[in-house]
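Top line first, the protein sequences correspond to chains H and A.
All residue numbers for the first sequence refer to the numbering used here, where the first residue is 181 and numbers rise by one.
All residue numbers for the second sequence refer to the numbering used here, where the first residue is 181 and numbers rise by one.
Bear in mind the hints are in silico, worked out from the structure with no lab data behind them.
Given the structure is predicted, the values throughout are model-derived calculations rather than measurements.
One thing to keep in mind: the hints can contain errors.
The list treats identical chains as interchangeable, and a pair is accepted whether it falls inside one copy or across any two copies.
Claimed, not checked - Heads up, simulated SDA-like pairs for lysine to any residue below, C-alpha to C-alpha not over 25 Å straight-line: (1) K373 x V393; (2) K381 x A304; (3) K423 x G387; (4) K423 x D385; (5) K246 x H269; (6) K384 x G408; (7) K357 x L280; (8) K381 x R420; (9) K357 x K423; (10) K354 x G397; (11) K381 x G438; (12) K354 x L280; (13) K373 x P350; (14) K357 x G397.
Number of protein chains: 2
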Amino acid sequence: MRLALAVCLGLSLVAAAAQARDVAKDVSYKDGDTSLLGYVAYDNAKASAPGILIVPQWMGLTDYEKGRARQLAGLGYVAFCADIYAQGHVAQDTKEAGILAGKFRGDRALFRARLNAALRALRASPTVDARRCAAIGYCFGGTGVLELARSGADVLGVVSFHGGLDSPTPADGKNVKAKVLVLHGADDPFTPKADIAAMEKELKDAGVDYQLVFYSGAVHAFTQPMAGNDPSKGAAYNERADKRSWRAMLDFFDEIFGR
Amino acid sequence: MRLALAVCLGLSLVAAAAQARDVAKDVSYKDGDTSLLGYVAYDNAKASAPGILIVPQWMGLTDYEKGRARQLAGLGYVAFCADIYAQGHVAQDTKEAGILAGKFRGDRALFRARLNAALRALRASPTVDARRCAAIGYCFGGTGVLELARSGADVLGVVSFHGGLDSPTPADGKNVKAKVLVLHGADDPFTPKADIAAMEKELKDAGVDYQLVFYSGAVHAFTQPMAGNDPSKGAAYNERADKRSWRAMLDFFDEIFGR
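The shape of chain H in the complex, shown without the other chains:
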């Protein structure tokens, strides 16, 4: 009888351990006095995993970013979605998004503070290996990860997906410690060639390790199905570029995390 009970208990524990896997939930955190609402996803069965900060596109932290976080958790990472706008606020429409994003693009110090608060929250997440963290960002979030790097943040790499590449203070390139991967639509009309050239100069002058990838036929927001299918609008989903850029990001993670 005791043997049977012991076996049942043992099996239950094993089952419980195998089942304690995907966690995905909102996370309250702070930037000074400002309350923020992020989102974390990870596999609780892994004792330790590299952490990925996800910086959202200009609408705010939406189901899109949460989906990406769960996708990364399924691949064995701890993924934390940043709340840039505070209170988990999501813009009602693109007009409001433009105003909100403009506030942060126009005040890079504020943007960097908000980004670093999110990075601290990532590092405080369960199971994360704080020595192996990276950041990825979409559109406005791509600008965000570059700003995180320019703030001198201690991340191993940053990945911009069709991000805004401009910088009002290119000298800050000298602060970049991270390796940089810029994944961009060759036909993205929202990034002037002058911005791309300026970013290359900024990173080159600072001796930053960067890779710059252009995908033909892709415009802005090419990783985002909600952008629709009409490239003539300047923003559109591009499945081919989405898959390729995701693969490029995973290769980059393998390299920087030493897998």
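Following the hints, complete the assembly by docking chain A onto the known chain H.
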């Protein structure tokens, strides 16, 4: 006794089959009346494998290309190194290399004929899956694979490693069937920005599927240890870019060969 003999025979056959693996050898072939000496490498134990044409850098078909062929064979591909200069001729020095390469860069029809002869030889190689072929090229060979694509060759993809990107006939972009992957040193002084822009326009106007990747800190010949370690010369090995570009090529092969 007969059982023992049968068992021994069976074991010998199994051992023989397991051992019939890496083949690497010179291959005589023709371009019209011109005798050419290529090199093929493949795993004879595989019934069928995608074929990769390797177009050499300007010195001709050297141990470098043969090494790459064996490396690809080890990964399960049939690799065939093209002989562009005929008779397996290798330049004595860079001065001669410049003259030989110049002859083909100055006569793209001849270059294309020589490239297509090599592609036919690849397709005639044992074990190759003729429906799944690609071409890769280094420097002058990078120009070569782009010319192969511009000739309308039926390859699934071409990969240029720090290739010359210029074209005297950009309208030929319309002939390109292959997907194109251009892997380039961000600091390569031998490729004017105007050439890069012209190639992008050529491919974009023709609706070609291309990817363009720049590696920071890499100059010309970044995949080639024989180029030395001094980037100030304009050509130098760059291990980081070499590894990343090789990975990018393998991802590209996975995609175009449907693995």
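To see whether the hints hold, each was checked on the structure:
1. K373 x V393: The answer is both: 14 Å in one copy and 16 Å across copies each meet 25 Å.
2. K381 x A304: neither (35 Å within a copy, 47 Å between copies)
3. K423 x G387: Answer is between; shortest inter-copy Cα gap is 19 Å, intra-copy 29 Å.
4. K423 x D385: The answer is between: 23 Å across copies meets 25 Å, while 31 Å in one copy does not.
5. K246 x H269: This pair counts as within: shortest intra-copy Cα distance 14 Å, inter-copy 58 Å.
6. K384 x G408: between (35 Å within a copy, 21 Å between copies)
7. K357 x L280: Intra 28 Å, inter 44 Å, cutoff 25 Å: neither.
8. K381 x R420: between (29 Å within a copy, 20 Å between copies)
9. K357 x K423: between (27 Å within a copy, 21 Å between copies)
10. K354 x G397: Intra 33 Å, inter 15 Å, cutoff 25 Å: inter-copy only.
11. K381 x G438: neither (28 Å within a copy, 38 Å between copies)
12. K354 x L280: Neither: 28 Å inside a copy, 44 Å across copies.
13. K373 x P350: both (16 Å within a copy, 22 Å between copies)
14. K357 x G397: between (32 Å within a copy, 15 Å between copies)
Violated hints, in rising order: 2, 7, 11 and 12; the structure is consistent with all others.
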